[in-house]
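Novice: Note that the protein sequences, when read in sequence, are chains A and B. Taking the numbering used here, the leading residue of the first sequence gets -11, the next gets one more, and so forth. Taking the numbering used here, the leading residue of the second sequence gets 10, the next gets one more, and so forth.
The set of hints was computed from the structure by calculation and includes no laboratory data. Bear in mind that the values here come from a model prediction, so they are computed numbers and not experimental data. A few of these clues could be false.
[To be verified] Examples of chain B residues toward chain A, derived with CB under 10 angstroms:
1) P83
2) A89
3) V230
[Said to hold, decoys possible] Covered, in the sense of this in silico footprint (three residues per stretch, anywhere, with C-beta under 8 angstroms from a C-beta of chain A), are these stretches of chain B:
4) 69 to 82
5) 180 to 191
Don't be surprised by glycine CBs; every beta carbon is placed ideally from N, CA and C.
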Amino acid sequence: MELQEYNYRFDELEVSTDIIEKFMGYQPGQAPEPMPQLIREVLNQAHDLCDIRGGYVIKQDIAVNRDDKTLHIHGVEFDVKKIITNQLKKMDATALFVCTAGPGISNYSKELMHEGDFIKGYIADVVGSEIVESAMDKIQADLENQMESQGLHITDRYSPGYCGWSVGEQQKLFSFFPQDFCGITLTASSLMQPIKSVSGVIGIGENVRRKGYVCNLCDMVNCIYREKKETKKADRC
Amino acid sequence: MEELYGKIAHCVEFGKINLASPYPPDMKGQEGADELTKKAIDEGFPPEEVLKKGLVVGMEKIGVKFRENKVFVPQVLMSAKAMSTAMEHLRPFFESGAVKRKGIFVIGTVAGDLHDIGKNLVSMMVKGSGFEVVDLGTDVNGQQFIEAIKQHPGCYVGLSALLTTTMVNMEKIVAEIKAAVPDTKILIGGAPVSEEFKEKIHADFYSRDPQGAVDFLNRSVA
Chain A
-11 MELQEYNYRF DELEVSTDII EKFMGYQPGQ APEPMPQLIR EVLNQAHDLC DIRGGYVIKQ
49 DIAVNRDDKT LHIHGVEFDV KKIITNQLKK MDATALFVCT AGPGISNYSK ELMHEGDFIK
109 GYIADVVGSE IVESAMDKIQ ADLENQMESQ GLHITDRYSP GYCGWSVGEQ QKLFSFFPQD
169 FCGITLTASS LMQPIKSVSG VIGIGENVRR KGYVCNLCDM VNCIYREKKE TKKADRC
Chain B
10 MEELYGKIAH CVEFGKINLA SPYPPDMKGQ EGADELTKKA IDEGFPPEEV LKKGLVVGME
70 KIGVKFRENK VFVPQVLMSA KAMSTAMEHL RPFFESGAVK RKGIFVIGTV AGDLHDIGKN
130 LVSMMVKGSG FEVVDLGTDV NGQQFIEAIK QHPGCYVGLS ALLTTTMVNM EKIVAEIKAA
190 VPDTKILIGG APVSEEFKEK IHADFYSRDP QGAVDFLNRS VA
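Kindly generate the complete structure, drawing on both the sequences and the hints.
Specialist: Dropping the structure here:
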């Protein structure tokens, strides 16, 4: 399948004051002053700072090796380890994805931090994270719709740097995309620039499902996604 | 005297930076850590006591609240801002040697990792407890840590990581530091790190929150 590309404006994403408060640990609407005001200021700025781009490429020639916990995509071996192997074992194809909020929001956060405005700098950092996650949610939802129309399902998304999958393997993952795709480059230590970028794989097949993240299987007890998940769970109770 | 120290501690704990700061709303129009610290110094209060009985007490209180999930990162940052603003009045005493730092803490996010919020938080809390902090930034390799340690003999070292996979680099850096400067005490922290991991890589201390690092450092210099 051809490379799919997406561009979003900030106002197309669901990034609100409530969501940012929640990401920071507060119940929505419960963050003390001056946080709500500062969040609003950063969100207003974010309109002009973002260059939100992403995309994915689907590969059919894949194999999941449960013995050595590897994933083989179009002849390239990924050492994704046990948790991800288990989550993807029933897939028949995979979508390799990348997405970025662009450099503007990260630079804005760094500038604020450099000027000593750590609170607003932190909020800008959180907003950047939420922008790229929200954009990737939309891309994933679009992929899911397309696959469902063909009678297929998708898994959750899994990224280098999590569940034991080495961030160094991002070099291999990016080999599936044109150079500087979406303006993302890799540092010598395989980290993405702009910082507010995500990459990874999503399983596709008749027998796969989105199960939610399997935090009980992961020993990363302080993971930001675990805390987010538990906050959401607590909110529902 | 004790009342003024208590007020300074209260301002730091609640992030009341100065008179002009409208936050927190219930302290609007009141003097903040900035003015009260200046007042204490101008009135001849011992600078070391202003630090220990006022500013440090406030930072410790917010650190404990953060550990207990009663406050979140932005409130700690507000407190750190109040603390650092007030510390400007103590700077001449640090520079003259009239007030001694407890020690030097070298901190950085390990090679392969660009995340710095957690590292900054620990840095501010440690600074707020009376240590000099040398922040090496992010994506810091073993050699950079070793150079900083050699520049600051006897310093404590903090390694931060957010990604599971940069834990590997943390292990490598700890080994490099211990080989080059064996007596160095190394603290580790960050989302993927644990007490078990600390044991495995032969680091000296692990804490899941910044106040734990502060407590360890205070115990070490006591």
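Novice: Give a verdict on every hint.
Specialist: Results of checking the hints against the structure:
no. : hint       : result
1   : P83        : holds (5 angstroms)
2   : A89        : holds (7 angstroms)
3   : V230       : violated (26 angstroms)
4   : 69 to 82   : holds (count 3)
5   : 180 to 191 : violated (count 0)
When held up to the earlier numbered hints, the structure conflicts with 3, 5 and fits the remainder.
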